[in-house]
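Novice: In case you want the letters, here they are:
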Amino acid sequence: MATERSYVSYATATVALAAIPLSFVGPEGLRLAVIGLLMLAGPGTALVLLLRFAPPRSAHAAGALPLSIAIAIAFSLTMSTLVATAMIYARLWSPPAGVCILSIMTLAFLGVELKRPQRALVRAK
Amino acid sequence: MTHETATSLPVHTGHRHDAHAHAHVGGVKPPTHRNLGLTPSWHIGALAAAAAAALALGVWSMTQVDPLLIGGAGLIGVLPPAYFVALGLSLAAFVGSLSLRRLVPVLLTWQLLVTVVILAGADPIIHGLPRLEASFRHLGIADTIAQSGQLDPTLDAYFDWPGFFSMLGMFSGATGVKDLFGIATWAPMGINFLLLAPLLALARRLTANPRQAWAAVWIFYLASWIGQDYLSPQAHSFVLLLTLVACLLSVFGGWAWPTERTRFSRWLTRNVRKLDSSVPGYGAVEPIPTDTAVLVVVCGLFLLAMTASHQLSPFAVIPILAALLLTGHLRLRFLPVLAVVLPVGWLLFAASTFLAGHFGQLIGSIGDIGANSVGALSTRVSGSDAHVLVVYTRIAEVALVWILAVAGAIVGYRRKVPWLAAAAAALAPLVLIPLQPYGGELLLRLYLFSLPFAVCLAVLPLMSESNSGLNVRRALGLLLMGAVLATATVVSRYGNDGMESFNNDEIALVNRLYSTAPTGAVLIEAVRNTPWRYQHYADYDYRALLAAEPIPNAAPLSCDAANQIAHKAGAYLIVTESQREAAELRGSTPVGDLQRFTATCATSPGWTKIYENAGGVIFHIKGVSNGN
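Read top to bottom, the protein sequences are chains A and B. Once you know that position 37 of the first sequence is 37 in this note's numbering, the rest is easy, because the numbers rise by one and skip nothing. To convert, count from 1 in the second sequence and add 1000; that's this note's numbering.
Just so you know, these hints were derived from the structure itself, not from any lab. Quantities reported herein were computed from a predicted structural model and do not represent experimental measurements. You can take every hint at face value.
What the simulated footprint calls covered on chain A by chain B, stretch by stretch (three residues with Cβ under 8 Å from a Cβ of chain B suffice, anywhere in the stretch; the number is not a length):
{"#": "1", "region": "26 to 37"}
{"#": "2", "region": "70 to 81"}
{"#": "3", "region": "92 to 106"}
All C-beta atoms in this analysis are idealised placements derived from N, C-alpha and C, irrespective of residue type, glycine included.
Chain A with its partners taken away, still in its complex shape:
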């Protein structure tokens, strides 16, 4: 489980890093895939990795998977929505800048997760 978590962390970080240049330039298909993935699951996945709903090797870790996936997607959509809406109302519309904000947010969550003490886990029933 711990190995799986680190794979997910690396994949999320890769998507977040790749999205920054791709939000300005790049092949259309690649931009669509990477930025789409970031907006759909980037910040949320990083947040869920940070939160840790259950001890990694417990049966409840698998049981909390639907909720983790749901929060990962919903939080990413939420942040994409709120960042875009804030840019509109602030009259600072810049889609590449919006994507960069989402990337930085994702990387920040991953950074905090990296620094977080391993004992900071949860009680699951």
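Once you have looked at the hints, place chain B on chain A.
Specialist: Frame of chain A; chain B shown alone:
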């Protein structure tokens, strides 16, 4: 994912060795898959292969459909028998998996996804274009925002709730993809995929065991005929709403106040426990306090994103949260208050343009329960005979789900398993009926909001309370119910396919209109059902002669209606096949009237045919200033 274990079965495979030793000593039978509670891998392989076969057959059968043959009854009339074989196979495979001694989540997930493709895949596979003219409008709003970076609330109400469209505009702007037709076409399938995790997380907290939770999610997909899973703020908000409620039930369950504090709290607790004394046994998580605090903020952000994106969903959240609070399933007492403050505040400040223009309309419909419910329903039971049959199928399907849910509540009460939270949350959205007709669509939306909770009750009469595999009788019952619901959904979901789907000829016609008409021109559609506005949303003056709504004793369309609009500066009129379908299906005009209108007006003075193809025709109508 790991196997979800039945409580009655051995958990550790380490028992193998003990059992083996006993077999030699006491003459007990050697261990087998059966007495170890394991599922032979070939069973799992066979069920996965059955789903794969269903997927291949279902997709192939949909590619055989000729969209031009779709009539008044919708898609059901043109689907080949192979489609129903595929659907039946996918349903049987799922029930087979649910009957295994141990649940295999990966297998169940795969089978649910296959069922979603078969039931929601018609748009990309058969039509290759987005469903509903609203999809095209939504693309146009996102395009306008992406291009201008500004909102124009005077255009329409969408710009007062721009959250979803801003997100789509940011996606379009950052990827450089101007044409989001592909995304909109695949959206129904994609959105249903996205719903799987929140639905499962929700069902895990509202049912007695994982087997019931999977069955509830399955029934949700089979009974979800509303078609609000297209690229829309409703679909976006629905994902957030389900995740919010699932998160609250999983992390923040329990009473929001000390149950012995006041007379009211004692009375409430006593009655809730009398009705439902069960304790949700699984699916809860207890993060550490810091993480819990983060999740409170996350839930608040979900509410905010919903508020910025959709008019109705935030108001539907309020009674659901209140119901959970009053049944002891939500301990964040400030959250229902926040759920009220956010949408009301948004309406007063961010959507003030809309409020100023529609205040009378909003206030006027409050309390009119008859018009908002039975009145709205009765206007839908009209149109062609085939369409009326589709409408009755929809009513029957809704009734079946609710009858099952009521039966489930009774069964839950008798078995002393969790039922009250699901029942309260399913009924809660109905309190919106006295408030708003929502353009006559309120009942449809309320069914959507109630369905995830109602299905958690509906599975109770169909399944046993233990988490062991289904016996043959229950499995057959579940399969039969699934088959009835799935078939009804094929009728009800795609019953308006003739008017809700479009073809490339119509898109070519609209593109021709945009390349011909100068910016600022008046563009008229004969009936409001045209796949347009996906670009140039704010560049033209869009008008319609008729709404695609039922009109009792509808009068024939006259050329004068178009002439009056074109009187001043001229206009372009577009008449499409989907408009004709919509008018006849809904009874907006007499049968054949749109062809007569086109033929008659084509010879009128000032009318010039600009372009015509199999999808329809474009006319230019001269105005006074042009010499008419």
